[in-house]
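Colleague: Turn these sequences into a full structure, and let the hints guide you.
Listed below are the residues making up each chain.
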Amino acid sequence: MVNFIVRRFVHALFLLFLISIVVFVVIDLPPGDYLTSRAAELERQGSQNAELQLRGLRERYGLDRPLIVRYWLWASNFVQGDFGESFEYQRPVKDLIGDSLLLTVILSVSTLIMSWVIAIPIGVYSATHKYSLLDQIFTGVSFVGLAIPGFLLALILMVISVYVFGVPIGGLFSAGMDKVPWGIPKILDLLKHLWIPVLLVGLSGTAELIRIMRGNLLDIMNQQYVQSAHARGSSARVVTWKHGVRMAINPLISLIGLQLPSILSGSIIISIVLSLPTTGPLLYRALRVQDMYFAGSFLMLLSMMLLIGNFLADIALAWVDPRITYQ
Amino acid sequence: MIVSKSNPTDSPVEPVQANVAAGKDWVSLSQWQLIWRRFKRSRIALVGGIVLALFYFGAIFANFLAPYDISTRFTDQIYAPPNLPRFVDDQGNFSLQPFVYKMKQTINRDTLEIAYAPDFAQRYPLKFFVKGDPYKLLGLIPSDIHFFGTGEADVPLFVFGSDRQGRDMVTRVLIGSQVSLTLGLIGVAIGLILGSTLGVVSGYFGGLVDDLVQRFAELLLVIPQIPLWMALAAILPVTWSSLQVYFGITVILSLLTWGSLARQIRGKTLAMREEGYVLAARAAGASHWWIITRHLLPNNASHIIVVATLAIPYMILGETALSFLGLGIRAPMTSWGVLLEEAQNVQTLIFYPWLVIPAILVILAVLGFNFVGDGLRDAVDPYSR
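In order, the protein sequences belong to chains Z and C. Heads up, the first sequence stops at 327 in our numbering, and the numbers go up one at a time, no gaps. Heads up, the second sequence stops at 385 in our numbering, and the numbers go up one at a time, no gaps.
Honestly, the hints are just simulated from the structure, not real lab data. If you're wondering where the values come from, they're calculated on a predicted model, not measured in any experiment. Each residue gets a CB set at the ideal place from its N, CA and C atoms; glycine is no exception. Check the hints yourself; a few may be wrong.
As the list claims (entries may be wrong) - If you want the footprint, here are the derived chain C segments under chain Z, 3+ residues with CB under 8 Å: (1) 95–104; (2) 124–130; (3) 226–236; (4) 336–344.
What the hints assert, rightly or not - Residues from chain C shown here face chain Z by an in silico Cβ test under 8 Å; the list is partial: (5) Ile-350; (6) Leu-361; (7) Ile-363.
Modeller: Set out below in structure tokens:
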């Protein structure tokens, strides 16, 4: 088991290194750099000698050195926790990231937990009461939920919420609460606002889980050992949960690793639509102005989160299913 | 199931009657005919197929079906609400021919809110096959006949309302569908070629080749997709024409989806590799290339089609998301995502909710593809009931 963990960890580190190269190249690809777009912006605003001003800055930021040198500068600083300075805001990236990454993690993890908490009972009910009215309804809803993309639903929900409730949805905190230091009131306020984004991000994942859970449980309930349990006189609930669901859950755990990327991506775009103070809007802005250090750091941090998530999911899977460790 | 080409008289397209007339009490159907039969059994898949057929029909004949050209502006009718043709006028008289009223614009001096009220003075009947803005159907056939319209140059017909610049939403939705619906097809085609080739090669040869391809695919999967798409789309040079951007987006989307295609096909190939006929072919002296192209790929064909059909909505959503964020298709081209970009904030949506109509269409298209894909998946599996 320890062997397995070490192997996965080394694997993850290697992937991280490769990702850093890809991220850096991607960020660096656009012709010109932050300063050229800044010069264009300044010129548009009427500044005369934009090019002159920025030439000095270009040397300072080291933007005229070759690619490998720039990559090495960036990567070596990154590992020490210095994410560079944002060109646009003229402040260290570390300060600007602030709470946004934490909130992204909270959003993603809550979505994951919520999707499981909702999907498992519904899936079990659907399987045990196959073709009942509720089952049909759940199947229909989950089918539609699979197809509707979160951000479009967010858009439609925004319209509905204003027309029906008179209150626009959006934001993770009530006005002003985001500046308050962390404490119980802030957490409660967050929870009050969190459920809509969580619902939107987790919709398709939940729908998929329900369908798979239902299918798995249906397959398992036909197995021999379930019949034996019935014959032994165990109550229906014990048979369903202790024997059926326990076995059905195994393949689902491997799904966690696959769910994480889509939850993360979904949260990015939905937070842009709903203007949540998470990574999405910041990354978006950084990409549009080619704020290289800012955007690159975000991509790296997001990839790291994904790798950590995958790593934990792999360990959970190995813990539950001992066959995996011997691959 | 390999289609038999060995016996030419065993024509699979012979109708049942001909076979019965010839004294045979059986009929042989090709693999694809069998699949079609099973597909027809799923009503919901058929509904999805019909919806998709309607959408693509609309896309092909968009220029004709739309009442205007996408750049035609009515600057005195911006943000007009949907103006549906009526059958009953304000005095309760019924008219068989639908008509519209001209909408009068009033701007509230204090809030700058734009409101419209119908002008009951004159009825403008809805006419079909009217002369309007010139266009080229499919880019080739010049014409200026539009399917419906008012026929009057200064009385616009906004069945879905108008946007910020007074352009008709029906027109923009129809022309936008051309981009939204075709980009997915092309992107999936590219991803298909890349993915199925690499998947089969990877599964068949195994070993180092397999490892390399899988590592590469895994690498692309670990980077969160939407941020990576955003980054790649932001890279497309500002100076590119909208057509170049169109193809750029297609390539980006397909590059990042070939991975899952390759993985699934690799799995199937790994299973098929050990089958008897492959060994027999090797023993008979067939080259690897022959086995791959003549045996493995055709046997994978039905699954490839299912996977492709289910990948198309993913692409459509990807393009919609990118354009919605302003990173995708650029003017003068338009797509559903670009249309939704104008509906991005709550303020706009509160006052002009009809701008969200393209979202509903995207959802319908995605649902359609999902239903058809699911139906296909059940139909190609010979063991499903």
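Colleague: All hints, please: hold or fail.
Modeller: Hint check results:
| no. | hint | verdict |
| --- | --- | --- |
| 1 | 95–104 | violated (count 0) |
| 2 | 124–130 | violated (count 0) |
| 3 | 226–236 | holds (count 8) |
| 4 | 336–344 | holds (count 3) |
| 5 | Ile-350 | holds, 5 Å |
| 6 | Leu-361 | violated, 10 Å |
| 7 | Ile-363 | holds, 5 Å |
This entry does not satisfy hints 1, 2 and 6, going by the numbered hints stated previously.
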